[in-house]
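There are 2 protein chains.
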Amino acid sequence: MTESTSREAWSLHPRLLADSIPIIEHDGILYRLLNDRRFIWVLVVPMHDGAEQIHRLPAALRERTRRGMDAVCDTLDELHGPDRINVAAIGNLVPQLHVHCVARFTDDPAWPGVVWGAGEREPAEPLERLARARQLAAGLASRLGRHS
Amino acid sequence: MTESTSREAWSLHPRLLADSIPIIEHDGILYRLLNDRRFIWVLVVPMHDGAEQIHRLPAALRERTRRGMDAVCDTLDELHGPDRINVAAIGNLVPQLHVHCVARFTDDPAWPGVVWGAGEREPAEPLERLARARQLAAGLASRLGRHS
Numbered sequence: 000m001t002e003s004t005s006r007e008a009w010s011l012h013p014r015l016l017a018d019s020i021p022i023i024e025h026d027g028i029l030y031r032l033l034n035d036r037r038f039i040w041v042l043v044v045p046m047h048d049g050a051e052q053i054h055r056l057p058a059a060l061r062e063r064t065r066r067g068m069d070a071v072c073d074t075l076d077e078l079h080g081p082d083r084i085n086v087a088a089i090g091n092l093v094p095q096l097h098v099h100c101v102a103r104f105t106d107d108p109a110w111p112g113v114v115w116g117a118g119e120r121e122p123a124e125p126l127e128r129l130a131r132a133r134q135l136a137a138g139l140a141s142r143l144g145r146h147s
Numbered sequence: 000m001t002e003s004t005s006r007e008a009w010s011l012h013p014r015l016l017a018d019s020i021p022i023i024e025h026d027g028i029l030y031r032l033l034n035d036r037r038f039i040w041v042l043v044v045p046m047h048d049g050a051e052q053i054h055r056l057p058a059a060l061r062e063r064t065r066r067g068m069d070a071v072c073d074t075l076d077e078l079h080g081p082d083r084i085n086v087a088a089i090g091n092l093v094p095q096l097h098v099h100c101v102a103r104f105t106d107d108p109a110w111p112g113v114v115w116g117a118g119e120r121e122p123a124e125p126l127e128r129l130a131r132a133r134q135l136a137a138g139l140a141s142r143l144g145r146h147s
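As they're listed, the protein sequences go chains H and P.
So for the first sequence, numbering that gives the first Met the number 0 puts the first residue at 0; every next one is plus one.
So for the second sequence, numbering that gives the first Met the number 0 puts the first residue at 0; every next one is plus one.
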């Protein structure tokens, strides 16, 4: 099965679809913003049928996914200057591979703990999340274009 | 500063030193086993002065670190057949870069939550942790040798 065939069959997990909004799609990878106003939280999702864990991705896609993760982190650094970026592939609840890149600040509501399982999500206002997603899309498009 | 000079100055963060035992060192990267009998939990630590976040590592070291993470995950899969591997760079408490690779099972004490902040650590018996570290060292050495 070629990668493009595989991508046609692919669809985003319903839980990820419900919990996040689109930022951008680039080179077979979806970038989405988690809908939680407490954090700047990006998901990197390779559109590859059956992908669950990074170390089992085909080598080329694994590298592309990681380039995407780096681009997200660089963009978060540039736009928001966080104290730390937490990067993680967990997937205990949603098996479809999605990598979390979360800008963390020493005064955010979960610091110094992790964001997973920390309190209740607070949906952002539509205009607020759209503005944030657009800003991230511009930063990401610029970085990804440069490296692809 | 050359990388070897940098490595001479490098030392493991005291908290990581206290919380884990050595598995193996390979190609400028330390592999350590967290001392917690509840989980099979490996730390990947590039011995690079000032390293804090993966996306800011020099490109060659970043790639080497990720190859090491993949080797750890493959070894965990082979030796322990986990239901999932959680891979994360967090560092909110210990800034020195250390990547967590944790074999997760649906019947482990934190499932489906994350391991960070989950209950109290339970130190393993010295012989038990030594046996586990040696087994991981053999698996890792074999994989890392093949790819370096």
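Hints were generated in silico from the structure; no laboratory data involved.
A portion of the hints provided could be inaccurate.
As the list claims (entries may be wrong) - Listing some non-contacts, in silico: residues in chain P with all C-beta distances to chain H over 12 Å: (1) S10; (2) H12; (3) D18; (4) I20; (5) I23; (6) G49; (7) D107; (8) Q134; (9) A137.
Claimed, not checked - Short derived list, chain P residues pointing at chain H, Cβ under 10 Å: (10) A17; (11) P21; (12) M68; (13) V86; (14) Q95; (15) V98.
Bear in mind that the values here come from a model prediction, so they are computed numbers and not experimental data.
All residues carry an ideal CB built from backbone N, CA and C; glycine is no exception.
Taking the closest pair, is the beta carbon of I20(P) still more than 12 Å from chain H?
23 Å, holds
Interface restraint verdict for P21(P) against chain H (beta-carbon cut-off 10 Å)
P21(P) check fails; min Cβ-Cβ to chain H is 22 Å, beyond 10 Å.
Checking a non-interface call: every C-beta of chain H should be farther than 12 Å from the C-beta of Q134(P). Is that right?
It holds; Q134(P) is separated from chain H by about 19 Å at its closest Cβ, greater than 12 Å.
Minimum Cβ-Cβ distance from I23(P) to chain H exceeds 12 Å
18 Å, holds
For G49(P), is the shortest beta carbon distance to chain H beyond 12 Å?
15 Å, holds
Does V98(P) pass the interface hint, meaning its C-beta sits closer than 10 Å to a C-beta of chain H?
9 Å, holds
In terms of Cβ atoms, is chain H entirely out of 12 Å range of D18(P)?
Fine: 16 Å to the nearest Cβ keeps D18(P) off the interface.
Per the stated criterion, does the least C-beta distance between A137(P) and chain H lie above 12 Å, as a non-interface residue requires?
Fine: 19 Å to the nearest Cβ keeps A137(P) off the interface.
Answer holds if the nearest beta-carbon of chain H is closer than 10 Å to that of V86(P); otherwise answer violated.
5 Å, holds
Non-interface claim for D107(P) versus chain H (Cβ beyond 12 Å):
10 Å, violated
Using Cβ atoms only, decide whether A17(P) comes closer than 10 Å to chain H, and label the hint accordingly.
Violated - the Cβ of A17(P) stays beyond 10 Å from chain H, reaching only about 18 Å at its closest.
12 Å cut-off, C-beta based - S10(P) kept clear of every residue in chain H
Its Cβ never comes within 12 Å of chain H, the nearest being 21 Å, so this holds.
Of the numbered hints listed earlier, those contradicted by the structure are 7, 10, 11 and 14.
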